[in-house]
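Engineer: What follows is the residue order along each chain.
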Amino acid sequence: MNVEISGLTRRFGRTWAVSGVDLAAGPGVFGLLGPNGAGKTSLLRMMATVIPPSGGTLRLLGRDPGGYGPRREIRRRLGYLPQSLGYYPGFTVTEFVEYFALLKDMPPAAVPAAVAAAVERVELGGRARAKLRTLSGGMLRRVGIAQAIVNEPELLLLDEPTAGLDPEQRVAFRALLRDLGQHATVVVSTHLVEDVGAACGQVALMDQGKIVFQGTPAELTARADGTTASGDAPLERGYSAVLAQSRG
Amino acid sequence: MSGGPQDVDLSRVWLGVAAQVWRREPGRAERLARWLLRSPGLARALVTTPSLLLGWVIATAVVLGAGMVATWGTGTPFVPLIAPALAAAGIAYAYGPGIDPAWELSRSLAVSDRMVLLVRGLAVFGLNAALGLAACAASGAVAAVTFGWLLPMTAACALALAVATVARSANAGVAAGLAGWAITVLAGRASAGQFTAVLTDSALVLPYLASTAFCGIVIVAATRLPKGTS
Chain A
1 MNVEISGLTR
11 RFGRTWAVSG
21 VDLAAGPGVF
31 GLLGPNGAGK
41 TSLLRMMATV
51 IPPSGGTLRL
61 LGRDPGGYGP
71 RREIRRRLGY
81 LPQSLGYYPG
91 FTVTEFVEYF
101 ALLKDMPPAA
111 VPAAVAAAVE
121 RVELGGRARA
131 KLRTLSGGML
141 RRVGIAQAIV
151 NEPELLLLDE
161 PTAGLDPEQR
171 VAFRALLRDL
181 GQHATVVVST
191 HLVEDVGAAC
201 GQVALMDQGK
211 IVFQGTPAEL
221 TARADGTTAS
231 GDAPLERGYS
241 AVLAQSRG
Chain B
1 MSGGPQDVDL
11 SRVWLGVAAQ
21 VWRREPGRAE
31 RLARWLLRSP
41 GLARALVTTP
51 SLLLGWVIAT
61 AVVLGAGMVA
71 TWGTGTPFVP
81 LIAPALAAAG
91 IAYAYGPGID
101 PAWELSRSLA
111 VSDRMVLLVR
121 GLAVFGLNAA
131 LGLAACAASG
141 AVAAVTFGWL
151 LPMTAACALA
161 LAVATVARSA
171 NAGVAAGLAG
181 WAITVLAGRA
191 SAGQFTAVLT
201 DSALVLPYLA
211 STAFCGIVIV
221 AATRLPKGTS
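Protein chains in written order, with my numbering: chain A, 1 to 248; chain B, 1 to 230.
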C-alpha cells in the first residue's frame with residue numbers, strides 16, 4: 001500500500017479539520033469526495049507532507065514522513081497539485097516545470113526530457129515558452145499538473161485538478177489520470193462527482209472531518225437505491241444519500 | 001523489408017527535440033552555485049530569487065540611499081536602527097506563506113524550503129553588503145552599518161548555509177549561524193559596551209520600539225496563512 005492512514009487527525013485552533021481518518025490506497029486512481037469544508041484539502045496537505053498531523057499514524061510509500069530522511073525520500077517520489085496553485089508570473093511554462101523538477105531532486109541530466117514529456121502530456125507544447133502571466137486559468141491548471149507529474153511520481157495528490165478546465169480538457173485529463181493510475185497511486189480531491197465516476201476505481205466520501213463512505217463508484221451509486229436522495233446523475237444521488245445518512 | 005521512416009516513433013523524436021529546444025542552459029552563476037551548494041535545485045532557487053532581480057536591487061539601493069540621506073540630515077542612525085527590521089520584514093514579505101506564490105508547493109519538495117530560504121537570505125545580505133561596501137567608497141558614513149551589520153550578517157548566513165549544506169540540515173545550519181553570530185558579533189559588542197546602546201540612549205528608544213513594533217505587525221500580516229488553507 002502506498003498510503004496507509006490510521007486514526008489521522010488535524011486540528012486548527014479549536015476546529016478539527018480531520019478527525020480520525022482511516023484510509024489505505026494502492027496503485028490506481030482514488031477519488032476523495034465531499035462538500036466544501038469536509039476536510040479533503042487538510043487530509044491531502046498532510047499526505048503531501050505540507051502540514052504535520054495532530055494525531056494518528058501516516059505512512060506514505062512505506063515510510064513515516066515524520067523523520068527528515070524518509071520525508072525527503074517521500075517528497076522525491078511525490079507529485080502535488082495544491083488547490084490554489086501559486087506561480088511566478090515571470091516564468092515560462094518550461095521554466096516553471098523545470099524549477100520544480102530540480103527542487104524535487106531529479107538528476108539534472110534527466111530534467112529536460114522529463115519537462116518536455118510533462119508539458120506535452122498536458123498538451124501545452126504550443127505554449128511551452130509562454131510566460132505564465134499570459135496563460136488562461138485552465139492552462140495554468142495544466143501547468144500545475146505538469147509540475148506535479150514531471151518526476152513520474154509514485155504518489156500523486158491532486159486537489160481540485162479540473163477546476164477551470166473546459167469540458168474537452170476535462171475529458172483529456174481524465175484519460176491522463178487513468179493512464180497515471182496504472183503505475184502510481186493517484187489521489188484526486190474534488191467536489192465534482194462526474195470526475196470520480198469517469199476516472200476513479202475507488203472513492204471515499206468525507207464529511208465533517210470523517211470518512212463516511214469508502215468503496216467503488218458503483219457501490220456509492222447503489223447507496224441511493226430505495227432512497228429519495230436528490231441529484232441529476234446516479235452517482236450524485238448516491239453521494240447525497242450517504243451524506244444524508246451520515247448526518248441523519 | 002528493412003525498417004523505414006514509418007517505423008519511427010514521431011512522438012518520441014519530438015520529445016527529444018523539445019527537450020533540447022526548451023531546455024534552459026544554466027549560466028555561469030548557476031553553474032558555480034551548483035558546484036558550491038551541491039544541489040541543482042538550490043542553485044536554480046538562488047538564481048531565480050527576487051534578490052537577484054533588477055527591481056529588487058534598485059529597491060534595496062533606494063532604501064539604503066534614503067537611510068543614508070536621513071542619517072546625514074538628522075544625525076540619527078536610521079540605517080542601523082531599521083536594518084534588522086527591514087531585513088526580517090523583507091524576507092517575510094518575499095517568502096512568507098501569504099506572499100510567496102509557490103509557498104504551498106515548496107513545502108512538499110525534496111529540497112527543503114528552509115534551505116532555499118537560507119540561500120536566499122545569503123543572497124539578500126550578500127547584495128546589501130556589496131552595496132554597503134560600494135557606498136563606503138563614496139562616503140565613510142555608511143562604514144559602520146556595513147562593517148557592523150551587513151558584513152557580519154553575510155558571514156553568519158554564509159556559515160549557516162555552509163553547515164546546512166554539509167550537514168544536509170537547515171536546522172543545523174541555522175544553529176551554526178546563530179552561534180557564530182553570538183560569539184563573534186554580539187560578544188564583541190557587549191564587551192565594548194555598545195550592546196545596550198539602543199536601550200540606554202533615550203534618543204534611540206522610541207524609534208527602536210516603533211520600528212520593532214512595525215516590523216512585528218508586518219511579519220504577522222505577511223506570514224499569515226491565506227484563508228481557506230488551514
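Keep in mind the hints are simulated off the structure, nothing from the lab.
No residue lacks a Cβ here, since even glycine has one placed at the ideal position from N, Cα and C.
Some hints could be false.
[Unchecked claim] These stretches of chain B come out as covered by chain A in the derived footprint (C-beta under 8 angstroms, 3 or more residues):
(1) 16-23
(2) 102-112
[Said to hold, decoys possible] Just some of the chain A residues that point at chain B, by a computed CB distance under 7 angstroms:
(3) T49
(4) K104
(5) D105
(6) A109
(7) A110
(8) A116
[Stated by the list, open to error] Chain A residues, not near chain B, derived (Cβ > 12 angstroms throughout):
(9) S6
(10) M47
(11) D64
(12) P89
(13) T94
(14) A101
(15) V111
(16) A113
(17) N151
(18) G164
(19) R170
(20) Q208
(21) S230
(22) E236
Engineer: For the restraint on D105(A), tell me whether the closest CB of chain B is nearer than 7 angstroms.
Structural biologist: OK, holds: D105(A) within 7 angstroms of chain B, min 4 angstroms.
Engineer: Please verify the coverage claim for the region 102-112 of chain B: does it have three or more residues whose C-beta sits within 8 angstroms of some C-beta in chain A?
Structural biologist: holds (count 11)
Engineer: Going by Cβ atoms, does N151(A) stay more than 12 angstroms from chain B at every point?
Structural biologist: N151(A) is in fact no farther than 12 angstroms from some Cβ atom of chain B, at 9 angstroms.
Engineer: Since E236(A) was said not to touch the interface, does its Cβ keep a gap of more than 12 angstroms from each Cβ of chain B?
Structural biologist: holds, 24 angstroms
Engineer: Minimum C-beta separation from D64(A) to chain B exceeding 12 angstroms: can you confirm that?
Structural biologist: holds, 16 angstroms
Engineer: Would you settle whether the hint for A116(A) is holds or violated, based on the nearest Cβ-Cβ distance to chain B being less than 7 angstroms?
Structural biologist: holds, 4 angstroms
Engineer: With 12 angstroms as the threshold, tell me whether A113(A) passes as away from chain B on beta-carbon distances.
Structural biologist: violated, 4 angstroms
Engineer: Non-interface claim for V111(A): all C-beta distances to chain B beyond 12 angstroms?
Structural biologist: At about 8 angstroms from chain B, V111(A) fails to clear the 12 angstroms cut-off, so the statement is violated.
Engineer: Mind verifying the non-interface call on S6(A)? Its CB should be farther than 12 angstroms from each CB in chain B.
Structural biologist: holds, 22 angstroms
Engineer: Have a go at the A110(A) hint: is there a Cβ in chain B nearer than 7 angstroms to its own Cβ?
Structural biologist: Because about 10 angstroms separates A110(A) from the closest Cβ in chain B, which is outside the 7 angstroms limit, the hint is violated.
Engineer: Just checking, R170(A) versus chain B, shortest CB gap more than 12 angstroms?
Structural biologist: holds, 23 angstroms
Engineer: Grab the minimum beta-carbon distance between Q208(A) and chain B and tell me whether it stays above 12 angstroms.
Structural biologist: Per Cβ check, Q208(A) is outside 12 angstroms of chain B; nearest 16 angstroms; holds.
The earlier numbered hints that this structure contradicts are 6, 7, 10, 12, 13, 14, 15, 16, 17.
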